[in-house]
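Peer 1: The lines below spell out each chain.
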Amino acid sequence: MLQFLPDSLILWFCNILLLLGLVLTVLGFFVHKIPFLYQYQLPFKIAGVVLLVAGVYFRGGYAVEMVWRERVTELEKNLDVARQESAKVNTVFKDRVIYRDKVIREQGQTLVEYVDREVVRTITPECNNLPMELIEVHNRAAKLNEAVQQLESKTK
Amino acid sequence: MNRLTAWFVVLVSTLTGCATPVPVKQTWPQAPSEIQEPCAPLKQLDSKATMRDLMMTVIDNYAAYYHCSSKTQTWQDWYRAQQKIFQEVNK
Chain A
1 MLQFLPDSLI LWFCNILLLL GLVLTVLGFF VHKIPFLYQY QLPFKIAGVV LLVAGVYFRG
61 GYAVEMVWRE RVTELEKNLD VARQESAKVN TVFKDRVIYR DKVIREQGQT LVEYVDREVV
121 RTITPECNNL PMELIEVHNR AAKLNEAVQQ LESKTK
Chain B
157 MNRLTAWFVV LVSTLTGCAT PVPVKQTWPQ APSEIQEPCA PLKQLDSKAT MRDLMMTVID
217 NYAAYYHCSS KTQTWQDWYR AQQKIFQEVN K
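Chains as they are written, first to last, in my numbering: chain A, 1 to 156; chain B, 157 to 247.
With the rest of the complex left out, here is chain B (with noise of 0.2 Å):
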């Protein structure tokens, strides 16, 4: 009688770890992947350069830097914008 007892509330203890509800998780959002990439490093000019290879290594320093800031500014409006998503859920 003892050792039913015994098993009857270690099984009881045992669902009374049941009575915690889960817990409803919120999760932050994956960023897309385009935007996660790194800044290119920009290109220097070799020492026999032309004049030719300085504008063209200008352009693609400066396209670089237009991609760069596009990522940025985009990674800027996405937090926000997931922000206001995530804040709006607990109000």
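Here chain A stands alone, though its shape is the one from the complex (with noise of 0.2 Å):
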């Protein structure tokens, strides 16, 4: 509830407490002496010290709200610096893996344009009957990863 009244407010609460606790207090010691008022010397020092007490106490959870709302502007500041900078490295790193991309997929197709014009003409035909075996091999190893699937959709 303290957080939605003013830090004035509050303060100006506590400090009006604390005083008025003060006064009182100092007050039920002298009002003895003070015509027309020495009869209520006890409830002057039972007010007194009431009020100073909680005078007191407000004082310090007053201090403690302020130390704690000091602590969250603090952190709610890093995290916004926090914010910006991992915005900025999602954009780094968003940037990189696309020039790699770019870069690995330029690559390839220089290769395939080699491939095209140097290579395929010094293949025999020979050479182009590829044997079952090495399809099979090849197709094999492509696969390597599918045992691992199968294993993981049957603990599933």
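No lab work stands behind these hints, which were simulated from the structure alone. Take the hints with a grain of salt, since some may be wrong.
Heads up, simulated BS3-like pairs for lysine-lysine below, C-alpha to C-alpha not over 27 Å straight-line [what the hints assert, rightly or not]:
| no. | chain 1 | residue 1 | chain 2 | residue 2 |
| --- | --- | --- | --- | --- |
| 1 | A | K77 | A | K94 |
| 2 | B | K240 | B | K181 |
| 3 | B | K247 | A | K77 |
| 4 | B | K199 | A | K154 |
| 5 | A | K143 | B | K227 |
| 6 | B | K181 | B | K247 |
| 7 | A | K143 | A | K154 |
| 8 | B | K199 | B | K227 |
| 9 | A | K143 | B | K204 |
| 10 | B | K181 | A | K88 |
| 11 | A | K156 | A | K143 |
| 12 | A | K102 | A | K88 |
| 13 | A | K102 | B | K227 |
| 14 | B | K240 | A | K94 |
| 15 | A | K143 | B | K199 |
| 16 | B | K227 | B | K247 |
| 17 | B | K181 | A | K94 |
| 18 | A | K88 | B | K204 |
| 19 | B | K227 | A | K94 |
| 20 | A | K77 | B | K240 |
| 21 | B | K199 | A | K102 |
| 22 | A | K77 | A | K88 |
| 23 | B | K227 | A | K77 |
| 24 | A | K88 | B | K227 |
| 25 | A | K33 | A | K45 |
| 26 | A | K88 | B | K247 |
Covered stretches of chain A, going by a simulated chain B footprint (3 or more residues, C-beta under 8 Å) [said to hold, decoys possible]:
| no. | stretch |
| --- | --- |
| 27 | 8-14 |
| 28 | 99-106 |
Glycine is no exception: its CB is placed at the ideal position from the N, C-alpha and C atoms.
Two chains, two frames, a set of hints: combine them into the complex.
Peer 2: Next up, the structure:
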């Protein structure tokens, strides 16, 4: 609830309570010398002590509240900085992966063009008949992860 | 008077619920979508494949591997960088 009240209002309340408690406590010791008020010595003392204790308690509570607010503000500030840095990092890595993909694609394309331009004409018709074993081994190698996927699907 | 007191108690107890400050929440950032894409499966050869097909498939598969490797490396670097930022906040 304290968060919804202005700081100055809370501070004023605490200070007034503390001051009132102090004044009443001090008055409690001298009130017997004041005419018409001497019979209120005990109520003055009791009220003074109660208000003083409450004032000290609330003043302490206010200080703690302020420390927490300060920490929250600092943390929020740090979080804002972190969010900005995080966004920058995301941009850097996004650009990096896009650039790398582009380079790999270009290099692959260059190699494909080289094969079509230079290598294909050197291939003899006998070479073009690939043995079935070669194709089979190649395809099995390309499917090496299938065993893992099958095991994973069984455990699910 | 009793009813008024009861209302007052209810009102005060509702307000005390607000006394707990809302904690500041630190969320883990979302990774770029480019590195979240799954790796492409490797290509296989047709039974009537020629030498050119073999070379093209090998090139494609190597490219697929390097694309995947690039993404994995970026994931690791991204994680380390974000973790550092995340930890800096609570120092």
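Peer 1: All the hints need checking, so say for each whether the structure fits it.
Peer 2: Results for each hint:
About 26 Å separates the Cα atoms of K77(A) and K94(A), which keeps this hinted pair within 27 Å; it holds. With a C-alpha separation of about 17 Å, the suggested pairing of K240(B) with K181(B) holds against the 27 Å cut-off. A C-alpha spacing of about 13 Å is found between K247(B) and K77(A), which places the hinted pair at or below 27 Å, so the restraint holds. For the proposed pair K199(B) and K154(A), the alpha carbon gap of about 25 Å is at most 27 Å, so the pair holds.
Distance hint between K143(A) and K227(B) is fulfilled; the C-alpha atoms sit about 21 Å from each other, no more than 27 Å. Among the hinted pairs, K181(B) with K247(B) is consistent with the structure: their alpha-carbon atoms are about 15 Å apart, no more than 27 Å. Annotation: proposed proximity of K143(A) to K154(A) holds, straight-line Cα distance about 18 Å (limit 27 Å). As the CA atoms of K199(B) and K227(B) are separated by approximately 19 Å, the hinted pair is consistent with the 27 Å bound.
Distance hint between K143(A) and K204(B) is fulfilled; the C-alpha atoms sit about 19 Å from each other, no more than 27 Å. Only pairs whose Cα atoms come within 27 Å are accepted, and K181(B) paired with K88(A) is accepted, the gap being roughly 20 Å. For the hint linking K156(A) to K143(A), the alpha-carbon distance of about 21 Å falls within 27 Å, and the restraint holds. For a cut-off of 27 Å, the pair hint linking K102(A) to K88(A) stands: about 21 Å separates their Cα positions.
For the given pair, K102(A) sits about 13 Å from K227(B) by alpha-carbon distance, which is consistent with the 27 Å threshold. Pair hint K240(B) plus K94(A) holds up; C-alpha atoms about 18 Å apart against a cutoff of 27 Å. The suggested pairing of K143(A) with K199(B) holds, with an alpha-carbon distance near 9 Å, which does not exceed 27 Å. Under the criterion of a C-alpha separation no larger than 27 Å, the hint pairing K227(B) with K247(B) is inconsistent with the structure, at around 30 Å.
A C-alpha spacing of about 26 Å is found between K181(B) and K94(A), which places the hinted pair at or below 27 Å, so the restraint holds. Of the pairs offered as hints, the one joining K88(A) and K204(B) is violated, with about 50 Å between alpha carbons and a cut-off of 27 Å exceeded. Taking the CA atoms of K227(B) and K94(A), the gap is near 10 Å; set against the 27 Å cutoff, the hint holds. With a CA separation close to 17 Å, the supplied pair K77(A) and K240(B) stays within the 27 Å bound.
About 20 Å separates the Cα atoms of K199(B) and K102(A), which keeps this hinted pair within 27 Å; it holds. With a C-alpha separation of about 17 Å, the suggested pairing of K77(A) with K88(A) holds against the 27 Å cut-off. Restraint check: the Cα-Cα separation between K227(B) and K77(A) comes to about 32 Å, which exceeds 27 Å; the hinted pair is violated. Of the supplied pair hints, the one linking K88(A) and K227(B) holds, its CA atoms being roughly 18 Å apart against a limit of 27 Å.
Restraint check: the Cα-Cα separation between K33(A) and K45(A) comes to about 14 Å, which is no more than 27 Å; the hinted pair holds. Using a Cα cut-off of 27 Å, the hinted pair K88(A) and K247(B) holds, with the two alpha carbons roughly 21 Å apart. Taking a C-beta to C-beta cut-off of 8 Å, the stretch 8-14 of chain A contributes 0 residues in contact with chain B, too few for the three needed, and the coverage statement is violated. Check on the stretch 99-106 of chain A: 4 of its residues sit with their Cβ under 8 Å from a Cβ of chain B, so the three-residue criterion for coverage holds.
Against the hints set out earlier in the document, violations occur for numbers 16, 18, 23 and 27.
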